[in-house]
Amino acid sequence: MTIRKILIFTPILVIFFLLQSYFWVPTYEQQSRGNPNRLNEYITASIGDASILNPILSADSASSNINSMVFEGLIDRDEELRFRGRLARYWDIHEEAFFYVNEKANIPGVGKAGAKKVVELLKRAKAGDLPANDEVRASLANIEEIFIIPAREFLVTRHEKKTETDQEDTEVKIKVMAPNRINLVLSSVDQDLFQNLSLILGKDYFSSFNGENYLGVDQELGQKKRAEYAKEILPSTEHNPIVVFKLRPNVKFHDGHIFDANDVKFTFEAIMNPKNLSPRVADYEPVKEVQAVDPLTVRIVYKRLYSPALGTWSMGILPEHLLNDETLRDEANRVGKDPEKFSIRQSSFNRHPIGCGPFVFREWKSDQYITLNGFDDYWEGPPNYKRYIYRIIPDLLTQEMEFYAGTIDSYGVQPHQVQRLQNDPKYQGFSGLSLGYTYIGYNMRREPFDDHRVRMALSMAIDVDKIIKYVLHGQGERITGPFVKQTDYYNHGIKPVPYDPEGALKLLEEAGWKRNKEGWLERDGKRLQFTLITNSGNDLRKAILTIAQGAWKQIGIDVRTDLLEWAVFIQERVDKADFDALILGWLMGIEPDLYQIWHSSQTNPYQLNFVGFRNPQADDLIIKIRREYNYGRQVAYSHQLHEIIAREKPYTFLYVTKWTAVLDKKIVIKETDSKGNVVYKKIKPTKTGIYTFHFNKWIKLPEVPSFAPEG
Amino acid sequence: MLSFIGRSIIQKIITLFFVSVVSFLIIHLAPGKPSQVDPLNPKFTPEMVERFRKEFHLDKPLYIQYIYFYRDLLTGKTVSWKDNQSVLKKIWERFLNSLPLFIVGTILTWTLSFPIGIRSAIFRGGLYDRSSTFFSYLLISIPGFFFAYILIIFVVTRFHVPVIGMETFGLGASSWTHMVMDRIWHLLLPSVLGATGGIAILSRYVRSQMLEVESQDYVRTARAKGVPEEQVLYKHALRNALLPFVTMFGLILPGLIGGSVIIESIFSWPGMGRMAYEAILARDYPIILTVNFISAVLVLAGTFVSDVLYMVVDPRIRL
Amino acid sequence: MIKKDIKNLLQNTGVAPRRSRLQESWRILKGNSLAFVGLIIFALFFCTALAGLILTSGTKPVFDPAMVRLQEKLLPPLSSPNLETLRPEEIPKLGVYLFGTDDLGRDVFARMLQGAWVSLTVGFVAVGIAVLIGIFMGGISGYFGQSHIRVDQILAAFVLLLGGGLLAVGAIFSGSALLLIGSAYIFFSRWLKKGLGKQPPPKWMKVFFAGVISIDTLIMRLVDIMLCFPSFFLILTVVALLPASMYNIMIVIGLTSWMGATRFVRAEFLSLREQDFVTAARALGVSNWRIIFRHMIPNAIAPVLVSATIGIATAILTEAGLSFLGFGVPPPHATWGNILSDGKRFIFDAPWLTFVPGFAILLVVLSFNLFGEGLRDILNPKLKERY
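Line by line, the protein sequences give chains A, B and C. In this text, residue positions in the first sequence follow my numbering: the first is 1, and each later residue adds one. In this text, residue positions in the second sequence follow my numbering: the first is 1, and each later residue adds one. In this text, residue positions in the third sequence follow my numbering: the first is 1, and each later residue adds one.
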């Protein structure tokens with residue numbers, strides 16, 4: 001019967017036809033099936049779309065990701081997190097220091113002296129004719145040249161509100177009669193220079209210099225204002241660190257234009273241009289000027305000692321010829337916008353960026369993907385991948401499935417999945433520590449936290465390992481201090497506080513807290529009682545809250561807990577330092593600058609040292625670290641600072657979380673050895689856990705290769 | 001016949017008018033001041049909201065808004081509030097994406113239901129019949145999204161192939177057969193999911209129609225005459241049982257829009273259902289209203305087509 | 001065949017004693033094993049939901065579905081809690097996590113219990129609303145369907161509606177004025193009817209008293225209009241626009257699914273109207289309402305009951321679908337739909353979060369469907385015999 005046959009065979013045919021399509025689809029194992037180009041593509045995914053593809057304007061992580069591929073900075077950090085040259089071949093840091101000749105001061109053994117005499121004295125000291133200790137000698141040896149800047153007069157105008165209620169600014173004209181100044185050229189930055197020189201020139205040679213005497217002001221000004229001006233216009237001493245970058249020759253932008261010093265200068269000016277509203281202004285504020293000495297030399301002069309400044313030059317360099325005033329004006333006219341108001345922020349460059357990084361921007365489909373092509377003229381040689389694709393997939397589950405299917409090459413594993421995915425033979429897994437840590441902070445202004453023993457006891461009573469095991473699924477590590485654990489600044493010699501409730505009780509007894517009949521700790525009839533708070537909406541912190549509460553209750557501390565809305569938590573409690581103890585986290589940069597969080601000057605309301613940590617020794621170290629340009633010394637200072645903070649326990653440092661990422665195992669490093677043979681190597685994370693460090697050498701192979709045993 | 005068509009068209013237009021009024025009212029009278037454009041969004045300054053209200057006539061009384069809206073819609077000038085793109089253009093793009101899903105789903109439904117239904121009618125009461133009955137109920141009862149996830153887990157963990165989206169990502173420069181087959185593969189799961197409910201219901205319906213027809217006199221006569229059983233079933237019974245299904249062709253039209261919201265959002269399929277869902281999330285009223293209006297048109301057109309088909313197929317019926 | 005007819009005849013004339021009808025139903029139900037299983041599951045589900053209501057509500061519930069224990073998250077079913085890290089009140093009462101825990105360490109069993117009650121309520125209330133509207137509309141349409149609505153009535157209704165609308169918008173004065181005019185007219189027309197008696201109204205008023213549209217047509221057009229909306233999309237839209245609440249969902253599902261019941265009731269009423277017992281009642285001077293409620297509804301209820309049972313299944317599915325898309329019953333209520341929707345992110349790591357609620361929904365919906373079909377057979381034995 002035909003009808004019957006049709007009835008039976010049509011569905012079978014339909015189903016067969018649909019099912020056979022499976023054999024045409026690339027599976028995870030054979031991703032290049034029917035599509036050999038797949039091996040030359042790297043596909044990754046992100047939850048959010050990029051917003052602005054311009055390194056000086058972007059602030060979100062997706063944009064930064066793409067920017068780091070398209071743009072190249074002068075320097076970046078190598079496997080050991082030290083700086084290495086990129087667009088800059090090498091660089092040199094030295095210093096010019098200045099001080100005004102204090103003609104009124106008495107120099108030991110010389111008496112009052114003019115500029116020439118001071119210079120002579122210093123030259124004699126340098127020659128070794130004067131008695132001096134080693135440190136002074138080192139400082140003197142560091143001095144290369146000594147000049148005199150002759151006295152001069154100049155006019156400064158300032159706009160000032162006379163009283164606070166004034167609407168209009170009044171113009172203040174200041175006549176400055178600057179005295180002789182001495183300029184010291186140093187071969188390396190020396191923060192102790194003036195301290196050491198004062199051993200020769202007299203203890204208060206520098207501090208007794210009073211600039212007010214050299215100012216002529218045309219208006220009535222308060223004494224305070226005058227002193228302020230004097231300090232600003234005629235500072236007794238001044239450090240001007242100078243960084244000179246020697247640039248790499250013949251580096252090309254993606255449009256073929258040659259990169260040179262003007263691009264660096266332009267990038268700096270673009271950041272500082274208030275029209276562009278760059279979020280990076282703060283990083284470059286200490287820069288006094290950027291000079292393009294010749295096409296391959298950039299000289300950057302800083303206003304003061306500020307060692308974290310060097311790291312800011314890892315930012316991508318913009319092409320001057322595409323964004324200078326002239327081209328912007330043309331663009332504004334072309335799209336019919338007001339050229340006065342038109343800035344880089346409005347330019348179409350931000351959606352079609354051109355840099356000199358390893359990848360060339362190709363296409364950006366909002367909320368779908370961004371594609372980049374390998375740059376054949378990249379100065380380090382073209383990357384192995386021909387194409388880099390950045391997909392935007394907001395749903396994590398979809399990302400996961402796309403990874404299993406081989407249409408994404410990497411996947412950021414969530415903590416509960418680590419067990420399952422890390423050891424999967426199909427993938428290669430990498431993990432590392434993140435840059436942030438979580439802590440319990442104690443308000444040291446309040447009882448009982450003003451006692452170091454109480455803070456120690458509280459830390460001892462919490463079993464942090466248990467928190468890491470159960471709350472973090474083991475994806476975390478203990479931390480003992482405020483530095484990033486994978487850097488050298490972190491002092492690994494400090495052991496974490498052991499879990500020891502008995503010991504904690506003993507310490508508390510020393511501090512005068514004893515258990516009463518009901519089991520609560522008591523001193524002078526007052527119970528040991530406080531409130532531990534954190535913000536709502538963070539389940540991890542909430543779990544720590546309950547665990548800490550339970551642990552402390554066990555040793556007899558009456559702890560209450562409170563969860564607060566983020567805005568209330570920050571504005572009402574943290575900013576006003578109105579809390580007993582709190583759970584919070586910091587996200588750190590690699591730089592060891594701890595000024596904002598730990599310096600005693602930062603303990604006022606709305607500042608970040610809200611626990612009220614004050615320690616003169618620590619203050620001194622913090623200042624020294626941010627002024628020190630020598631890596632070794634910086635590390636040494638950091639280790640000391642770490643020790644002090646770990647000992648003082650203003651925080652109970654809890655943990656840093658671990659991230660894990662998995663990658664298709666078929667992705668390897670491809671290199672050409674000296675004989676010209678192609679060698680495949682397994683991708684290995686750097687010491688600090690960065691696995692994408694050699695990304696430009698990555699390539700995907702059709703099959704998982706077998707690696708030669710490595711010696 | 002002609003008068004029937006005329007009358008029915010007029011009737012349908014009146015119904016459509018009321019549908020448009022009701023849907024307009026539902027959306028604009030819902031609490032939460034829909035006429036204020038998301039005041040919670042910090043990106044909207046009061047001036048912007050004001051300009052926006054002007055631009056989309058939100059400051060006018062309701063009936064004027066209604067007239068403006070449907071005037072714009074019928075002249076094709078309506079724009080989406082979200083991105084100022086033409087609504088009809090957007091819907092058309094998404095419609096083209098949904099269309100293959102709908103076609104494959106329909107093909108699966110119609111080709112599978114008939115053999116299944118007929119077989120259970122023939123072997124009624126038997127094991128096959130009872131298990132197919134049970135499976136029909138199972139398929140009707142299973143929540144679509146749950147079924148979708150079961151299938152996804154199975155396929156992804158077992159076969160390691162992509163199932164999400166309309167095509168495999170990064171299949172740039174391969175031959176056209178690969179591209180076509182890849183698209184078909186991506187169609188498979190969502191359209192199977194879309195078809196399950198239909199297969200279950202339609203095969204039950206086929207079965208009961210067959211049984212209905214089998215108890216008719218002419219079938220009994222045919223049997224009594226000694227016509228071979230197969231011929232009785234497939235020639236006499238089936239042909240008559242098929243009659244009502246011709247009219248159902250009209251009724252599948254509305255399926256183009258409805259019911260695909262969940263499946264499309266699970267599979268990230270950029271189709272109409274997903275667009276409608278996103279429009280609801282973004283409170284993009286022009287899109288919501290247009291989708292509603294179009295689906296009402298499809299329902300009415302579907303019933304109209306099925307009425308006409310019925311008349312064409314069954315000469316006994318004179319409406 | 002003749003034998004069968006006689007049997008039917010016997011049944012219809014009620015020769016068999018009353019009690020045996022129940023017995024007969026029971027017999028048919030037991031004969032239909034699928035429906036019987038459906039009934040049992042249905043009963044079990046009902047008990048579970050009740051137990052869930054009792055055990056999970058109150059300030060100190062036996063099973064606390066909202067208890068977060070982060071250190072216990074994503075444990076598979078039947079795993080036992082880690083007693084070291086839990087406070088005594090956090091330890092699950094059963095000693096094990098019967099259905100595992102979710103990403104916040106909440107006990108899935110407790111959440112399922114709570115969700116059972118929510119699902120049941122949503123199903124029953126939504127269908128209750130739909131059935132009530134359906135019986136009302138269908139009843140009017142089937143019984144009074146032939147009478148026409150007059151122009152004046154339409155006008156009065158329009159005035160009343162407009163007045164109400166204006167009041168709602170805030171125009172108190174004009175709104176209440178219109179409401180007054182409308183209600184005054186209704187009194188006036190009553191009085192007019194009595195006063196005029198059998199006298200024909202004057203000619204100029206004829207326009208107002210002309211019948212425009214029959215009630216039946218009106219209601220059936222209304223049904224047509226409602227059927228034009230894609231139902232799930234309509235529900236989704238309305239629920240998304242309304243503030244999230246369990247009641248809104250029930251009401252919206254109810255208000256969008258009464259069309260089927262209306263058609264059934266109307267069809268039944270149309271046929272019952274012509275039956276002898278109704279004619280007899282009318283001849284006895286029984287009032288219309290008494291005929292409707294006492295005589296017709298009990299006879300028309302059977303198909304409604306069947307469609308209601310299946311409607312509950314559909315409503316539970318709809319609620320689950322809404323929850324899945326994030327528009328369902330809002331927290332803190334757990335529903336099967338939102339357990340599944342929350343759990344879908346962990347489908348590869350914690351499949352039980354998908355499978356437990358998924359299978360629960362499947363089982364319950366299936367039982368309702370099977371039972372509904374069984375009910376159809378019981379209430380309409382003729383159908384059963386034929387197939």
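Hints should not be assumed to be uniformly reliable.
Okay, the calculated beta carbon distance ranges per label pair [to be verified]:
| id | chain 1 | residue 1 | chain 2 | residue 2 | range |
| --- | --- | --- | --- | --- | --- |
| 1 | A | Ile8 | C | Ser271 | 38 to 46 Å |
| 2 | B | Ile13 | C | Val286 | 20 to 28 Å |
| 3 | C | Val96 | A | Ile8 | 45 to 53 Å |
| 4 | A | Gln20 | B | Gln231 | 33 to 41 Å |
| 5 | B | Met1 | C | Val286 | 52 to 60 Å |
| 6 | A | Gln20 | C | Asn82 | 24 to 32 Å |
It should be emphasised that the hints constitute simulated quantities derived from the structure, not laboratory data. For clarity, every value in this text was computed on a predicted model and none was experimentally measured. The beta carbon of each residue, even a glycine, is placed where N, CA and C say it ideally should be.
Quick rundown of the hints versus the structure:
no.	hint	in the structure
1	A/Ile8 with C/Ser271: 38 to 46 Å	holds, 41 Å
2	B/Ile13 with C/Val286: 20 to 28 Å	violated, 43 Å
3	C/Val96 with A/Ile8: 45 to 53 Å	holds, 51 Å
4	A/Gln20 with B/Gln231: 33 to 41 Å	holds, 35 Å
5	B/Met1 with C/Val286: 52 to 60 Å	violated, 45 Å
6	A/Gln20 with C/Asn82: 24 to 32 Å	violated, 50 Å
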